[in-house]
Amino acid sequence: MASMVVVLRGKSQQTTVLNVSNLNSLESANYIRLNDTIWQDPLSNASQWHVGYSQPNMTARISANGVLKLNATIASESYPQAVNLYRSVNFSLAQNPVLFISLEASVGIHYGIRVAGEDGSGTPFQAWSESSYLQHRSGLGRTENFTISAILEAYKVNGIFSAGGSSITSLLFYIEATPGQTGQFVLNVYGLRVVAPNQYPFNAANPVQDTIDEITLTLNSTNDLGYTDNQFAQGYVDYYVRGTADLDYTVYYMHGLTVVGQGFEYSAPSLTYNIATFSASKITNYPPLLAGNNTFLIVLSPIRGSFLSFQLGGFSVRYLSQAPSTSAPTDIDPSIILAYYLIFLFVTPVAVVILVSRLFSNETNQDS
Amino acid sequence: MKLTKIASAVLLCGLGIRLGLAPFTGHPGDIALFVTSQRLFYQTSTIDLKYFPTLPTVYYVQLLFYAPYQLLRLAGMPDFQYYYHTAMMIESLFLKLPSILCDAGIFVVLLSFTRKLIPATLFFLNPFPILLSAVWGTYDSMMLFPLILGLYIFATRNSRTTSTLAFVVSGSLKLFGFVSFALAVCDSIIRRRSRDELPLEILGGLAIVAVALFPVFLLGGFPSFLQVLVYRFIGLSSGIGGTHYGLIGEILKIEPSGILPTLPVAVALTCVGYSYESARAKQSRPILFVKWTFVAGIAFNLFSASQPQWLLWLIPLGILYGSFTGRTGLQYFAYLFGAVATFLTITLLQGIAYMLIGNSTAFILGYVESIPGSVFLYAVMTTTMIVMLCGYSFSKKLKSFRLEIVPLTVLLYLQLYFWIVIVGAGRILGVY
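Top to bottom, those sequences are chains A and B.
The first sequence: position 227 = 227 (the numbering used here), numbered continuously.
When you read off a place in the second sequence, starting at 1, and then add 1000, the result is the number in the numbering used here.
Among the clues, some could well be false.
To be verified - Listed next, the in silico EDC-like pairs over lysine to aspartate or glutamate satisfying Cα-Cα at most 20 Å (straight line): (1) A:Lys-156 / A:Glu-104; (2) A:Lys-11 / B:Asp-1079; (3) A:Lys-282 / B:Asp-1079; (4) A:Lys-69 / A:Asp-41.
These are computed hints drawn from the structure, not numbers from a lab.
Sequences and hints are given; from them, build the entire structure.
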């Protein structure tokens, strides 16, 4: 058998597996820094902000002295109530703007952040949806930080659209009360700025040291077998990494704007060798920064904190003719196969064991 | 040894059951990992040791058993895709063949060891080894076969060196096998054989490990090997996929954080326990070997980041210990334990459809599968079963098996189902 292994190695035609690996398959490696502030609200001019109410009998006060403060008094009603705080802004989507927002909402209230804009012809679009993690959040009574890619949020709602000529024109915060909720609630905005991501190429085989907000590895995935994203089975990437003490990150495998695979969450407060695995079954999220067009990317993206150094060891992205399925089957009647399964797994073995036990009930001292 | 007709019939029956299940079933995730590595070797010449998800010896064994399949395919044999499984039907069978044959090997060794058919049958026709070898496609039996064989050689032929090397082979397939190796080293030290057998055992063991690891080292996979397997096993890293703390951790809601070297502590305590009992010579050394390997298996399952397939270790070791000590109750309870573990694993952890049709989103028996608190229910029920297994192993009052324990176990499951799933006791207590 050992000689068969040697003789047959690589003898079959490649039909049922595809492996994209080796540094030869790495087209480029870049890291992203969010270090170029293109707009900032000093939060010292309350007149730029407007307050809106869902019900006319509500009251709220705003103040801005380095901290934008919305103080709302909510009376008990049988219906939901909301207070909005919004302002107009103007920054082009072509700059790939990323919003840094730092805020705190009172415990017990719900709040959200909404971004909207206009395309080149003046048609408005939303860059938020009801199901987004930025909506209907529970106030924690402590500071929370958000990194929001405007173009990514717009893509999630509208699909692919032309960013050229489009701009973000409105930024809105709201707090909302459920029916019967009453009291005084506060939303404090401590920081609000917009940055343009800067992308820096690096040689992945050598260590790179900087404050890094995302790492993207572009793969040269030539695929003569015609495999699709649905046939992605699993992937690995190994590297040496060090980050800030609070670094918590994950790995994405992307094809264009589609997340094909995701990994676990890792931390790396000191220089660590890590091998990260990613698969379709682990997809729960989207990288916070939009990183590519119609290419295959491995993205290392912090959930919090930043990378401080990185060196790639290798990677492997595997496809199978039939990868693990994550969609629900519709055309299967399981009754017959379930019966077959249970008969083989439980019924027959238990029946034979009972039979043997009966036959050899006095076996305690009897040899087989 | 020559098998009797009835023993041969049991062997054929067990093999038939396994061969009947293997082509139609599989753990799509794990099988995908194995089948990818094999296809990469035979289709693209890639030696996939850098990212192979477990010990390299498993890869070598699979290469050997996959080769005939590859030859048949090249000769024109067709193969078919069954529902959503990641491997084709005959391909899946060949991937599972090493474990299936090791099950048969364990059956023969237990038969030779105990000289009784019932203990060997209680292992071979236990639903849990059938599930793991023929359905899931995992490789715990590949580790258990040399382990049990080593114990047999140690007990019957008194060939220390051979048995110790069998333990090393076992450990090179799954690290648990090194527990018995550690006990063998302790035994040599206690018996003051450090001049004759001990160097041979250690050097032989190191040689086997070095041969197994050399290709990994050559292919640059050694850091991955250390990170994913060794550091994880000894508790110095979470390896791939974060940390979890097994059954007790699941019950007490110990959140994953940092490192917890439970396994080295368990191995050290096992060695201390063995050395203490061996020095006092309360029982014969083969019994002590089995007993303390069994104890280590229990400790691994309860206190470390255990996986459900680790429960298999307790079945042949429990049967063997029961046979040595005249505890027939333990042997039968080990069978019940395996049957319950099978039911719990396929319903609460995987979902029946996952290994049957290869899809995790379908639930065939919704009332027992797609339920809230399923992992908590699994952990509580399995831990209770392990406690009962300990009772059958070490209590003086529980030597024989009473049939009433079967309905009692069913009632226990129903009670836990009521409190955890219907009442939501775990949720109320904040456990999940």
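Evaluated hints:
Restraint check: the Cα-Cα separation between Lys-156 (chain A) and Glu-104 (chain A) comes to about 25 Å, which exceeds 20 Å; the hinted pair is violated. With a CA separation close to 18 Å, the supplied pair Lys-11 (chain A) and Asp-1079 (chain B) stays within the 20 Å bound. With a CA separation close to 30 Å, the supplied pair Lys-282 (chain A) and Asp-1079 (chain B) exceeds the 20 Å bound. Proposed proximity of Lys-69 (chain A) and Asp-41 (chain A) is supported: the alpha carbons are some 14 Å apart, at most 20 Å.
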